[in-house]
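**Student:** Each chain, written out:
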Amino acid sequence: MSFKTDVTQVLGVDAFRKGLGALRQTDVAHVSAQRPRDIAGSADVDASLAAALPNAARWDYVVGRTQGNVHQTYWIEVHPASASKNVDEVEKKLAWLVAWLRASPLAMYPRDVVWIASGNSAFNARSPAIKALAAKGCRFVGGHLHL
Amino acid sequence: MKKLTLRNIGQIKEANLSFGDLTVLVGPQASGKSISLQWVKLLQDSGLVQQQLHTYGLDYGGDLSALLDVYFGEGMHSIWRDSSEVVVDGKSVDIKKRIARQQSGKTESVFLIPAQRVMALANGWPRPFTDYKSGDPYAVRAFSENLRLLMEREFNGTGPLFPQPNRLKADYRKLLQASVFGDFKLSVNKVQSQKRLVLGMGEEALPFMVWSAGQREFVPLLLGLYWLMPPGKVSRRNDIEWVVIEELEMGLHPRAISVVLLIVLELLTRGYKVILSTHSPQILELVWALEILRKTGGKPQDLLALFNAPKSASLKSMAEVAIQKSSKVYYFDPASKVVDVTNLDPMSPVAQEASWGGLLEFSARANETVAKAVANSPAFVSGDLFKETE
Numbered sequence: 001m002s003f004k005t006d007v008t009q010v011l012g013v014d015a016f017r018k019g020l021g022a023l024r025q026t027d028v029a030h031v032s033a034q035r036p037r038d039i040a041g042s043a044d045v046d047a048s049l050a051a052a053l054p055n056a057a058r059w060d061y062v063v064g065r066t067q068g069n070v071h072q073t074y075w076i077e078v079h080p081a082s083a084s085k086n087v088d089e090v091e092k093k094l095a096w097l098v099a100w101l102r103a104s105p106l107a108m109y110p111r112d113v114v115w116i117a118s119g120n121s122a123f124n125a126r127s128p129a130i131k132a133l134a135a136k137g138c139r140f141v142g143g144h145l146h147l
Numbered sequence: 001m002k003k004l005t006l007r008n009i010g011q012i013k014e015a016n017l018s019f020g021d022l023t024v025l026v027g028p029q030a031s032g033k034s035i036s037l038q039w040v041k042l043l044q045d046s047g048l049v050q051q052q053l054h055t056y057g058l059d060y061g062g063d064l065s066a067l068l069d070v071y072f073g074e075g076m077h078s079i080w081r082d083s084s085e086v087v088v089d090g091k092s093v094d095i096k097k098r099i100a101r102q103q104s105g106k107t108e109s110v111f112l113i114p115a116q117r118v119m120a121l122a123n124g125w126p127r128p129f130t131d132y133k134s135g136d137p138y139a140v141r142a143f144s145e146n147l148r149l150l151m152e153r154e155f156n157g158t159g160p161l162f163p164q165p166n167r168l169k170a171d172y173r174k175l176l177q178a179s180v181f182g183d184f185k186l187s188v189n190k191v192q193s194q195k196r197l198v199l200g201m202g203e204e205a206l207p208f209m210v211w212s213a214g215q216r217e218f219v220p221l222l223l224g225l226y227w228l229m230p231p232g233k234v235s236r237r238n239d240i241e242w243v244v245i246e247e248l249e250m251g252l253h254p255r256a257i258s259v260v261l262l263i264v265l266e267l268l269t270r271g272y273k274v275i276l277s278t279h280s281p282q283i284l285e286l287v288w289a290l291e292i293l294r295k296t297g298g299k300p301q302d303l304l305a306l307f308n309a310p311k312s313a314s315l316k317s318m319a320e321v322a323i324q325k326s327s328k329v330y331y332f333d334p335a336s337k338v339v340d341v342t343n344l345d346p347m348s349p350v351a352q353e354a355s356w357g358g359l360l361e362f363s364a365r366a367n368e369t370v371a372k373a374v375a376n377s378p379a380f381v382s383g384d385l386f387k388e389t390e
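Residue numbers (this note's numbering), protein chains in the order written: chain A, 1 to 147; chain B, 1 to 390.
Excised from the complex, chain A in its bound form (with noise of 0.2 Å):
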């Protein structure tokens, strides 16, 4: 299982990054590591798939990281949280993601699929929509998300 080739099958060659380096200088402040040197790497969903798929609701990051022989990927969106309607545009992106996942040799690695709000958050832990989409699997972390 290496998270390298794996993206490079499915991103192209050139979507893998060392560390955080897929992610853009404003959504990279949103992340940090407590072991920089477990990241394995990462990817711009978004960016890789947007000639191919113009049209389709892209998640925006996948992150790979590996301590041990423990091999676990962060799908990363980072997305306004400020209205109701935001809760409605990551369940389409997530709902993207499953699709697209389904058929990527990445569907085998464990996964942990993270909103981070990009600016003022409307939401807290205990508002119905954010329960709701974690019952679709993808958790709200507010503006900041530690790996």
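Honestly, the hints are just simulated from the structure, not real lab data. Positions of the beta carbon are idealized from the N, C-alpha and C atoms, including for glycine. Hints are not guaranteed to be accurate.
Capping the alpha-carbon separation at 27 Å, the derived lysine-lysine pairs in DSSO-like fashion look like this [said to hold, decoys possible]:
1) B:Lys372 x A:Lys131
2) B:Lys233 x B:Lys325
3) B:Lys299 x A:Lys85
4) B:Lys372 x A:Lys18
5) B:Lys2 x B:Lys372
6) B:Lys372 x A:Lys85
7) A:Lys4 x B:Lys372
8) A:Lys92 x B:Lys233
9) B:Lys295 x A:Lys85
Pair ranges (Cβ atoms, derived) [what the hints assert, rightly or not]:
10) B:Val350 x A:Arg35: 33 to 39 Å
11) B:His253 x A:Ala50: 48 to 54 Å
12) B:Ala178 x A:Lys131: 22 to 28 Å
13) A:Ala52 x B:Gln324: 51 to 57 Å
14) B:Ala335 x A:Arg24: 36 to 42 Å
15) A:Arg24 x B:Gln324: 40 to 46 Å
16) B:Leu206 x A:Ala129: 37 to 43 Å
17) A:Arg24 x B:Glu320: 42 to 48 Å
18) B:Pro310 x A:Ala52: 51 to 57 Å
19) A:Lys4 x B:His253: 52 to 58 Å
Starting from the structure of chain A, add chain B where the hints point.
**Tutor:** Relative to chain A, chain B alone:
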């Protein structure tokens, strides 16, 4: 009093409290919230507390340690250490000196409804001050005594105590009936000449011990609210400026909490400053909404919508004033200083603020647990969860 600092008192390392119109204290058990609230009372009403203790034969001999045992309760003298300090509006208070002499003011400016309020009606009737043991906290005894005076002076007639046309606005009464009392009426009856509070009338009346837990908790609170909102055109009780309510949510369903919070807004519009301690995220939801509505020019109807309350003229005028009131929220951290978390910003880098003083921690963990389990389940990859979205 606009600002209070407590340093090295009991569990409190340092609490710098700037009071809003509404101030809310959150934090785990035994983090110093209740002690802080009782200090507000002691500092504001020193003369009254001293006089009351003297009247009822509680002699602390001018000694701080003895007073702390009598006032906060047995064994509580240990909260005060050599390094302890109280500062009010920037000025250090010499507590020992203040306690040693009877202070002049004897009016009550702080009305404290304690967490142990159910004790006040333990026998179905408000217990007098002297009915308690000397080691019982003053706050419980004083509250209980106020309820006794209320019953003695203002409820001598027949007819139910709740609902009562000249107590509380009709909208509040209807909401309380729906959320707390149902079809029951709160009344007084007698058993062998002994008065007692009952729910219902005549032979169907239910005594205190068979009420629901929420009703037992709520009735002393209701009587406290009666005390604060006298009948007629009088908006406030005598010299009371501050209302302190510990854990108003105790025993209550969220709908009932919502009604009580609406009445808390009523207290604010009557000019009281209100301090609450709580373990309920619902109360922080109110502060969060209230602060944002205030800062963004929200309308009274927005505030009423939060409570799903009727848009009556009376409630609209109440909401118009309440929406202008300022709030403060403090997190009592047992391991550190008290933190101002008023913004309640879920994006805050300050963990205590983002988690609303820990009240959202479990919700966040539940979301994380569920989301991870679902994301790694066969149902996720199969797409069954998203058929409608697709």
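**Student:** Measure nothing beyond the straight line between the CA atoms of Lys299 of chain B and Lys85 of chain A; if it is 27 Å or shorter, mark the hint as holding.
**Tutor:** Roughly 23 Å between the alpha carbons, so the hint for Lys299 of chain B and Lys85 of chain A holds.
**Student:** Do the Cβ positions of Arg24 of chain A and Gln324 of chain B conform to the proposed distance bound of 40 to 46 Å?
**Tutor:** At 42 Å between Cβs, range holds.
**Student:** Using the C-beta atoms of Pro310 of chain B and Ala52 of chain A, is the stated range 51 to 57 Å upheld?
**Tutor:** Taking Cβ atoms as reference, Pro310 of chain B and Ala52 of chain A lie about 56 Å apart, which means the hint holds.
**Student:** Can the restraint linking Lys372 of chain B and Lys131 of chain A be considered satisfied, given a maximum Cα separation of 27 Å?
**Tutor:** 13 Å, holds
**Student:** Taking only the CA atoms, is the gap from Lys295 of chain B to Lys85 of chain A under or equal to 27 Å?
**Tutor:** Roughly 23 Å separates the two Cα atoms, so the pair holds.
**Student:** Given the hint that Lys92 of chain A pairs with Lys233 of chain B, does the C-alpha gap stay at or below 27 Å?
**Tutor:** Judged against 27 Å, a Cα distance of about 56 Å means the pair is violated.
**Student:** Does the Cβ distance between Arg24 of chain A and Glu320 of chain B fall inside 42 to 48 Å?
**Tutor:** Given about 46 Å between the Cβ atoms, the range holds.
**Student:** Would you check the hint for Lys372 of chain B and Lys85 of chain A, treating anything up to 27 Å between C-alpha atoms as holding?
**Tutor:** 23 Å, holds
**Student:** Check the following: the C-beta atoms of Leu206 of chain B and Ala129 of chain A are separated by a distance inside 37 to 43 Å.
**Tutor:** About 41 Å separates the Cβ atoms of Leu206 of chain B and Ala129 of chain A, which means 37 to 43 Å holds.
**Student:** Go ahead and decide if the range 48 to 54 Å is satisfied by the Cβ distance of His253 of chain B to Ala50 of chain A.
**Tutor:** Distance hint for His253 of chain B, Ala50 of chain A holds at roughly 51 Å.
**Student:** Using the Cβ atoms, figure out if Ala335 of chain B sits within 36 to 42 Å of Arg24 of chain A.
**Tutor:** 37 Å, holds
**Student:** If I claimed the Cβ atoms of Ala52 of chain A and Gln324 of chain B lie 51 to 57 Å apart, would that claim hold in this structure?
**Tutor:** Roughly 55 Å apart at Cβ, these two residues keep to the hinted range, so it holds.
In summary, the structure is inconsistent with hints 5, 8, 10 from the numbered list given earlier, while agreeing with the others.
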